[in-house]
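A.B. asks: So the chains spell out like this:
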Amino acid sequence: MTETVPAPASPALERRSLADRLREIEFDPRMIGMVAALAVIWLGFDWLSDGAFLSSRNLWNLLVQTASIAVMACGMVLVIVTRNIDLSVGSMLGFVGMVVGLVQVRLLPGIWGFEHPATWIVSLLVAVCLGGLVGLLQGALIAYLAIPSFIVTLGGLLIWRGAAWWVTQGQTIAPMDSRFRPLGGGVEGAIGTTASWAIGIAACLAICAAAALIRRRRKRFGFALRPLWAEILIAAIGCGAVIATVTMANSYALPAGIARRLVEAKGGTWPEGGLTIGHGLAVPVLVALAVGIAMTFLANRLRFGRYVFAIGGNPEAAQLSGVNTRKVLMLVFGLMGALAGISACISTARLNAATNAAGTLDELYVIAAAVIGGTSLAGGVGTIVGAMLGALVMQSLQSGMVLIGVDAPLQNIVVGIVLVIAVWLDGLYRKRLG
Amino acid sequence: MSIAEPAGLAEPLADRGAPLIEMRDISIAFGGIKAVDGASLDLMPGEVVGLLGHNGAGKSTLIKILSGAYKADAGMIRVDGREVAIASPRDAKRHGIETIYQTLALADNVDAAANIFLGRELLTGWGTLDDATMESETRKVMGRLNPHFRRFKEPVKALSGGQRQSVAIARAIYFNARVLIMDEPTAALGPAETKQVAELILQLKKQGIGIFLISHDLHDVFDLADRVTVMKNGRVVGTARTADVTQDEVLGMIISGKCPPAAVAGPGALRN
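From first to last, the protein sequence lines stand for chains A and H. So in this note's numbering, spot 106 of the first sequence is number 272, and the numbers just go up one at a time. So in this note's numbering, spot 204 of the second sequence is number 567, and the numbers just go up one at a time.
It should be emphasised that the hints constitute simulated quantities derived from the structure, not laboratory data. Heads up, none of these hints are tricks.
Taking lysine-lysine and the DSSO-like style, the derived pairs with C-alpha atoms no more than 30 Å apart in a straight line are:
| no. | chain 1 | residue 1 | chain 2 | residue 2 |
| --- | --- | --- | --- | --- |
| 1 | H | K503 | H | K516 |
| 2 | H | K503 | A | K385 |
| 3 | H | K516 | A | K493 |
Away from chain H, derived, C-beta distances all over 12 Å, residues of chain A:
| no. | residue |
| --- | --- |
| 4 | G199 |
| 5 | W208 |
| 6 | W278 |
| 7 | T359 |
| 8 | A375 |
| 9 | G404 |
| 10 | L591 |
| 11 | G593 |
Some chain H residues near chain A, calculated using beta-carbon distances under 8 Å:
| no. | residue |
| --- | --- |
| 12 | A432 |
| 13 | S451 |
| 14 | R453 |
| 15 | K456 |
| 16 | L469 |
| 17 | D471 |
| 18 | A477 |
| 19 | G482 |
| 20 | E484 |
| 21 | E498 |
| 22 | S499 |
Ideal Cβ positions, reconstructed from N, Cα and C, are used throughout, including at glycine.
Let the hints inform the model, and build the full structure from the sequences given.
C.D. replies: Written as structure tokens, this is what we have:
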């Protein structure tokens, strides 16, 4: 900066004060950039598709399609933060999905018959435990035998894909249990308008309560507080997003035939002029959001998360501080596996079939989502929210291009280019402000 | 000159009670190379012992055995006269042994409070991280060390060398250390900050904390240390009270391994 010109407010100074002000209210500029990029993508596709992209129908399906990748991206953030990588998530998904199909269609019905109320929950538990075990096994090899994670999970990519075939010698298993299918979305997986509003209002209350609690706590310790307007603005943005999502989901009407059956099943009569009944929020989206919240809590509020980031920043320092770095590392991969198990349920339920090709190439989308969401491959940096937004960006690009009729090969080319540019921009940003 | 018992506690110090730390005949080898070979070392409460030697003399390795980073192949460590097993950094910390590493060993991507409490986080009743209390405690301890420090919310990689050093020192002294190990504490600091560290050492010494100062530069430690122990090729050349020897004599110990008469010779001393 030049000291010679006594200008009262040079542009440089002004810019600095804006960055300072953003820091003061603890607003992450990178997150703002991501949301802006998403807005550009959405508006662009909406314009190109003559308003089809921002229809409630398309957005509802977009969120459902994002869920499986978003769930795994949460785990991938922690893996990458520890300076590792997991290339096996897509294959783990395929393997776990096949086992879930087998358990649900062949094993459990042999014990308690088809359509038993406990089938879906047992299937889900099997998926989470099996995925977790597979992840822990890989994590143990990485943490205790010091085999590079790239190699272990590259092996895993081949092994679990092969194992997925082995479960049924390549046969597809279908159909799934009717109580399991809602996990995949669709008409059965929509919770209805009333329940959606209930969840939406509860979420808004939780956002406000959390903001108030944190503020009160900081006040008690006499720390600097955000200005009140910023606090209210942040809470308002959060609540606004919740309300917008619920409104969107509720305005996506069920097909008339299904709505009619629904009304008649409840003993009502179908009115003359018809009736529109909204879908409401989708179960897989709620599952993904729950996973995102739980993982954010784990990453920011628990010791385990603190250790994950410390290991990513300086593994030696973490170890010298008495952190059991190997155990933490193994558990991170175990967690990744368990989340792949949840995603296996989502995609198996969505397809209403277990196929040994499920999850093919998912590892690349999951890694791309995490990286687009600001996770640094150098380790130590990344957020769960960012990765979930990254997953949404990836899926928006993909389904937007389908909507406007871009050829499949060109879709891949665009997604690949966007990934590279996003990481380049993030690197530029880091150099400047980081 | 004949060699008596393992070099260590000079007789006049014995009337001050049991040593805080006794390391006896410590050895460790890496791939057949003896990095430390039969080294012994003592530390009394409120005493500053300088550990000197060229790079690669084994001083950092010896001290990492005390701080739990390495496990010795042979030898014994006593704390307050009782033999202890130090298998991990956690064990060392439990005995009140804190270390400020040459590299500072900070996780660069998290803030000062997260570094100070790393591995020993304060928790709320719910089992979650109590960041508010940790930040508040960090403000207190940093206020003592570096009153102008304000950047509590930033990752430590954004801090200056002196500020990072303060964070590493804060981490060591916050948990009521009884023994402080400082590995090249002033290597990365300017003159003013070096003076600050020297003042801090004297202040901690007054509180009865025993301090090991490790350096390859004699001038860094000679004025601060009560005694110096010199290592060469993994072995102890000798130990001397700084009041009894000249800097040139200590330099001779470092360079040639020649022990002056006022020093207690160790197994690494040059025999003539």
